[in-house]
Amino acid sequence: MRLEILFFVAPALCLFGFFVVWPIAKAIQFSLYRWKGFGPLVDFVGLQNYVAVLQNEVFTDALVHNLIIVVASIALQLPLGLAIALLLNRTMWGQGALRTIIFVPYVLAEVIAGVIWFQLLQPRYGVVDTLLAAVGLQGPEQGWLGDPRYALATVIVVLTWKYLGLAVILFLAGLQGVPPELHEAAQIDGASWWQSQRSITIPLLGPTIRTWAFLSMIGSLQLFDMVWILTKGGPANSTMTMATFLITEGTKRQNYGTAAAASVILFVVALVMALLYQRLVLRRDTAADRPEKKVKR
Amino acid sequence: MSTTTRPGPVTTGPAHRAETSSRRRRPRHDAGPLVYGIALVVVAVTLGPVVYGVLGGFRTNAQLAEAPAAMPDPWVLTNYVGVLSNPDFWRYTLNSTAIAVITTALVVLFGVMAAYPLARYRFRGREKLFMVFVTGLLFPATVAIIPLFILVSRDLGLGNTWWGVALPQAAFGLPMTVVILRPFLMALPDEIEEAALLDGATRVGFFWRILLPLSGPGMVTVGVLAFVGSWNSYLLPLLLLQDETKTLPLGVADFSSEHSADTAGVFAFTTLAMIPALIFFLAMQKRIVNGLQGAVKG
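Residue numbers (my numbering), protein chains in the order written: chain A, 1 to 297; chain B, 1001 to 1298.
Okay, chain A solo, but in the shape it has when bound:
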């Protein structure tokens, strides 16, 4: 039986160990050396790379940008997604088509969505500025992505467009698990539509919302593709994220040690936030889950 288990698990474990665990261990090792990418690892510098990265304003700003994106993504997509899901959660004409359409941006590659938006957001000649001009507004001189004051907000808007559909679809799926009898009972008791949504639907949707927020958070912390396409982290580093920082350091400047330190910090930040979230938010779900599971088996 041991051999059987080994036979089944070994391929996955080998692949995982070789291409996930080993490179991550290597990243930790690189982060302790000054290394330009060639020759042996000899220039051991201890934690100096970490100190350098954490003292580098470009990186600390990038970390702040990541946190802003985490908060903004949830703050925008949660109410919008919930509102759309609640509105669409009823029998209506074209329901299937509507759900498909809402999901389209999520299925596109970030690169493709980014390239389209880059064109739409071209200063003056882009369609966004044209439409704004039609109602008497004027976009910034260097364009929405070219002005350090607006670039990050613009990236967040594009991300919201791209990922709102995922929230809506997951919320809709969660809503289908809410038995309609509950609403009927509430209606009989004289609850308004909004009251019954607020005190029945949304609490029952809790686990879905909390897990969605978790996935959204992890995604925001790793954000790379969209930013790389839209701004490469500019202008003036105003949209730099931790991931774009470490790629710039590593591939453009060949500072592999610093890049590795940045990647370890990115991982630690993600891990700490994940653990905190699990402790503070998700614990309720798993605690509520446990007795149920026991009954099932």
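Among the hints, erroneous ones may be present.
[To be verified] To give an idea of the chain A side of the interface with chain B (calculated C-beta under 8 Å), a few residues:
| no. | residue |
| --- | --- |
| 1 | L98 |
| 2 | T100 |
| 3 | I101 |
| 4 | A259 |
| 5 | L271 |
Derived by calculation from the structure, the hints in this document are not laboratory data. Please read all numbers here as calculations on a predicted model, not as lab measurements. All C-beta atoms in this analysis are idealised placements derived from N, C-alpha and C, irrespective of residue type, glycine included.
For chain A, the structure is supplied; the task is to place chain B on it using the hints.
Just chain B, lined up with the frame of chain A:
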């Protein structure tokens, strides 16, 4: 969350029931004009940029500059023809397809193999082994990207090859696959296994002949997720692939930065690059949504 243990079949179960039961009774909150109005706005905002890109490909740059928000007049095909007769476009498509197919095959095969003992064997350390994969969910490829680049392109000499991208992608896709498949395999009734073992099948034989065919839906779900993930991925190919071996996302990004003034051309290229993913998505929509739900619930 009683569905935790079996995302595949059960997630559609209650949904179905809720739908039919609410239809059987008279619909409670039938959609009014306001709801249709909001739905239209949502559709417009969602599809607007995509449709604009598709239509933009049928216009000339002069048209786009003169009236950015107008319809094609006249419709021109030169942009699309230009992309379709561009050998680079077809090479990118081939590379994307090959890498996605290899990634998917590896993820599904290794994933279901690993999930099987984790789901249906009882042994010491089973939960610990499972936790290895769960923890793997927290490791983004971004963290390991620099060493991966060195490992693949220097140590293994697999830079600029399909396998060089597919192997790490599959490795990073495994945790999600195992996490989705394990509850799916757990949900298959024990009786089948007992019957097979009584009939003299070995566990390995049971796996190949009975379990694998039965877990088809689960494997399709994780396969679709792996395929779409690979098709759309950018960071790893960006570091590992050059020139001849580039994938579609790299090609789109290159085309966009090299021809940034040729807006119509960029729209045509982007449109054609997103068509395969969209078709695949439309065909597999249910699976993708189920898989994501499974991930969220599990």
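Verification of the hints:
At a threshold of 8 Å, the smallest CB-CB gap from L98(A) to chain B is about 6 Å, leaving the interface hint in force. Given the 8 Å rule on beta carbons, the hint for T100(A) holds: about 6 Å separates it from the nearest Cβ of chain B. The closest approach between the C-beta of I101(A) and any C-beta of chain B is roughly 5 Å, which is under the 8 Å cut-off, so the hint is satisfied. Below 8 Å, beta-carbon pairs count as interface contacts, and A259(A) has one with chain B at about 5 Å; its hint therefore holds.
Because the closest C-beta pair between L271(A) and chain B is about 6 Å apart, less than 8 Å, the hint holds.
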